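Visitor: So you can see what is in the structure, the chains are spelled out below.
There are 2 protein chains.
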Amino acid sequence: MEFRLKILGANSATPAYGRHQTSQLLNLENSYFLIDCGEGTQMQLIKYRAKVSRIQHIFISHLHGDHFFGLIGLINTLNLNGRTDDLHIYGPQNLPDIITVMLRHSNTHLNFRIHFTAVDSERSYLLYQNNRLKVFTIPLDHGIACSGFLFVEKEKERRINKETLPDNLSVEEILDLKSGKDIYYADGSQRYANADLTLPPRKSRSYAYCSDTRYSEKTMEIVEGVDLLYHEATFMQDQAEKAWQRYHSTTVEAASLAQKAGVGGLIIGHYSSRYRELQPLLHEAQTIFPNTQLAEEGKDYHIAES
Amino acid sequence: MEFRLKILGANSATPAYGRHQTSQLLNLENSYFLIDCGEGTQMQLIKYRAKVSRIQHIFISHLHGDHFFGLIGLINTLNLNGRTDDLHIYGPQNLPDIITVMLRHSNTHLNFRIHFTAVDSERSYLLYQNNRLKVFTIPLDHGIACSGFLFVEKEKERRINKETLPDNLSVEEILDLKSGKDIYYADGSQRYANADLTLPPRKSRSYAYCSDTRYSEKTMEIVEGVDLLYHEATFMQDQAEKAWQRYHSTTVEAASLAQKAGVGGLIIGHYSSRYRELQPLLHEAQTIFPNTQLAEEGKDYHIAES
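Protein chains in written order, with our numbering: chain A, 1 to 306; chain B, 307 to 612.
So that you can see chain A by itself, here it is in the shape it has in the complex (with noise of 0.2 Å):
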């Protein structure tokens, strides 16, 4: 089943150098999660051929513009396109009072329901979940309200040993082996025993969203063991004092969360513009926490079932 990440959106602030503002498109197998929405967060979906009638939950992490100012115009062309499918979005509680003067003041009417979440970016919960996926707030120390996101894929169904599986059960006792139940004798003795016919299911995979922050130990404590964690390094180690007085990380910073955290990989991004060339970001990242990688717009990051 597909679990990958695509960047839209690589750089902090303001757009520099063909980078857009953050956003990033979360697929799990075809259903669409929308992470942050900067300014032609439209243009990049269209660019990057993805289906965004498929998008149905947008998390918005904070109220810097970098982060939210392209959600309008994506609402405004959804509903020109003609959707009629819900939108859930989850972001600071202001987000709709913005959303509801532009529509106001534009007249215009939209032909679906949006369903708001307030999300309460002092403490960690679980925000939604679907029958695959849990998404819970990660809170971020950014000077102004705001939380990431981590995405966990639901505990999965034991996996049927084809070795060892009799082939006189029925679709009923396939599904009971699936959930991890034993198989009984109308009399209610034991048949057969669960392990004995099935494997251990695959691993839930994890992917944590934290943009924008400052290095945080209790991130950290949240984002143990992911497998692919994004975090911002606006800045390089040199710039270290700025970063923190700008409520931002540097690559040193994010590669060691990463690495005190034991997370499977490492995309650092939201990359100030004072860098044209981020192959130095990326070194001095990789000299903490080698599995590190650069968020590029438009590549795909695929977490792979194991």
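Just so you know, the hints here were simulated from the structure itself, not pulled from any lab data.
Computed from a predicted structure; not experimentally measured.
Note that the Cβ used here is the ideal one computed from N, Cα and C, for glycine as well.
Any given hint might turn out to be false.
For the chain B half of the interface with chain A, some residues (derived, Cβ under 8 Å), not all of them [what the hints assert, rightly or not]:
1. T320
2. G371
3. I378
4. T383
5. N400
6. M408
7. N413
Result set (DSS-like, lysine-lysine): computed pairs, CA atoms no more than 30 Å apart in a straight line [as the list claims (entries may be wrong)]:
8. K548/B - K566/B
9. K566/B - K605/B
10. K6/A - K156/A
11. K156/A - K218/A
12. K51/A - K154/A
13. K353/B - K242/A
14. K47/A - K353/B
15. K440/B - K509/B
16. K154/A - K299/A
17. K509/B - K460/B
18. K47/A - K548/B
19. K462/B - K440/B
20. K6/A - K134/A
21. K357/B - K47/A
22. K178/A - K134/A
23. K51/A - K548/B
24. K51/A - K6/A
25. K353/B - K299/A
26. K134/A - K47/A
27. K605/B - K357/B
28. K242/A - K357/B
29. K460/B - K566/B
30. K47/A - K312/B
31. K460/B - K487/B
32. K357/B - K460/B
33. K51/A - K353/B
34. K353/B - K6/A
35. K154/A - K134/A
36. K460/B - K312/B
37. K353/B - K312/B
38. K154/A - K6/A
39. K299/A - K260/A
40. K605/B - K47/A
Given chain A, work out where chain B should sit, using these hints.
Guide: Same frame as chain A, but now just chain B:
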């Protein structure tokens, strides 16, 4: 002196085929006037190497999203770039409400002042002038408060006729000649007649922006004889009924207006996303008004001095 229009966005409603939403940059001798500001305008300005810091005046025609969703992002970027110069914005009366809500919720404090002037879209009047230019409003028929803008150079100085100019005149006397005055002796008797030493001033050039709007004879009167007219042509003529219902114009309507108003040249734009290929729109307009051009993003349209 340069009088140059650059198209930044030429599509209607939603972005499509690499075309952006409406925005134009009028450059009068390095004074920049931005007309409308669809999403992504700041990226287009970067792409076409226009110095955003030179923008002093922004004119917004109406509050449909494809004409103003890029404004807040541009303001934000100007601020992050360290702007301190005042910025003048002209547009519908509710525009400050939108800007204010977004600045407040994103905790943004501008380092420059915005002077906002509400446009009365019910009448044509002088909206702004400096020492070289006057800007008049053009009421448009779009089912929502909507105004076009007419940019007219002020009357220019008479030109010195180098072939007849004597070499014994002072700087003050040369300036008098340029402003149309005769030259006198100290006793008050005429020394030179202005007409003998000067040539008529160069023609004052003009550009009219009309988008979005139905075809309107009232518009025609206001733009009569302009050097260059931009008139929306969202649809081809076979969609005339749809154009009318949606308060838009067709190619034939735009060209007819240009022809009846006796303008020098016509640019059509604000193309519906139903049109991937634009040559049919151009050809249809040219059957009525041959000197029609397509609005092409990144292209400069010069109005030469004569």
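Visitor: Hint by hint, note whether the structure agrees.
Guide: Now the hints, each set against the structure:
no.: 1; hint: T320; in the structure: holds, 5 Å
no.: 2; hint: G371; in the structure: holds, 4 Å
no.: 3; hint: I378; in the structure: holds, 6 Å
no.: 4; hint: T383; in the structure: holds, 5 Å
no.: 5; hint: N400; in the structure: holds, 4 Å
no.: 6; hint: M408; in the structure: holds, 6 Å
no.: 7; hint: N413; in the structure: holds, 5 Å
no.: 8; hint: K548/B - K566/B; in the structure: holds, 23 Å
no.: 9; hint: K566/B - K605/B; in the structure: holds, 26 Å
no.: 10; hint: K6/A - K156/A; in the structure: holds, 24 Å
no.: 11; hint: K156/A - K218/A; in the structure: holds, 28 Å
no.: 12; hint: K51/A - K154/A; in the structure: holds, 25 Å
no.: 13; hint: K353/B - K242/A; in the structure: holds, 29 Å
no.: 14; hint: K47/A - K353/B; in the structure: holds, 16 Å
no.: 15; hint: K440/B - K509/B; in the structure: holds, 14 Å
no.: 16; hint: K154/A - K299/A; in the structure: holds, 26 Å
no.: 17; hint: K509/B - K460/B; in the structure: holds, 9 Å
no.: 18; hint: K47/A - K548/B; in the structure: holds, 29 Å
no.: 19; hint: K462/B - K440/B; in the structure: holds, 13 Å
no.: 20; hint: K6/A - K134/A; in the structure: holds, 19 Å
no.: 21; hint: K357/B - K47/A; in the structure: holds, 26 Å
no.: 22; hint: K178/A - K134/A; in the structure: holds, 20 Å
no.: 23; hint: K51/A - K548/B; in the structure: holds, 27 Å
no.: 24; hint: K51/A - K6/A; in the structure: holds, 13 Å
no.: 25; hint: K353/B - K299/A; in the structure: holds, 22 Å
no.: 26; hint: K134/A - K47/A; in the structure: holds, 29 Å
no.: 27; hint: K605/B - K357/B; in the structure: holds, 16 Å
no.: 28; hint: K242/A - K357/B; in the structure: holds, 27 Å
no.: 29; hint: K460/B - K566/B; in the structure: holds, 24 Å
no.: 30; hint: K47/A - K312/B; in the structure: holds, 24 Å
no.: 31; hint: K460/B - K487/B; in the structure: holds, 18 Å
no.: 32; hint: K357/B - K460/B; in the structure: holds, 25 Å
no.: 33; hint: K51/A - K353/B; in the structure: holds, 26 Å
no.: 34; hint: K353/B - K6/A; in the structure: holds, 24 Å
no.: 35; hint: K154/A - K134/A; in the structure: holds, 6 Å
no.: 36; hint: K460/B - K312/B; in the structure: holds, 21 Å
no.: 37; hint: K353/B - K312/B; in the structure: holds, 12 Å
no.: 38; hint: K154/A - K6/A; in the structure: holds, 21 Å
no.: 39; hint: K299/A - K260/A; in the structure: holds, 26 Å
no.: 40; hint: K605/B - K47/A; in the structure: holds, 22 Å
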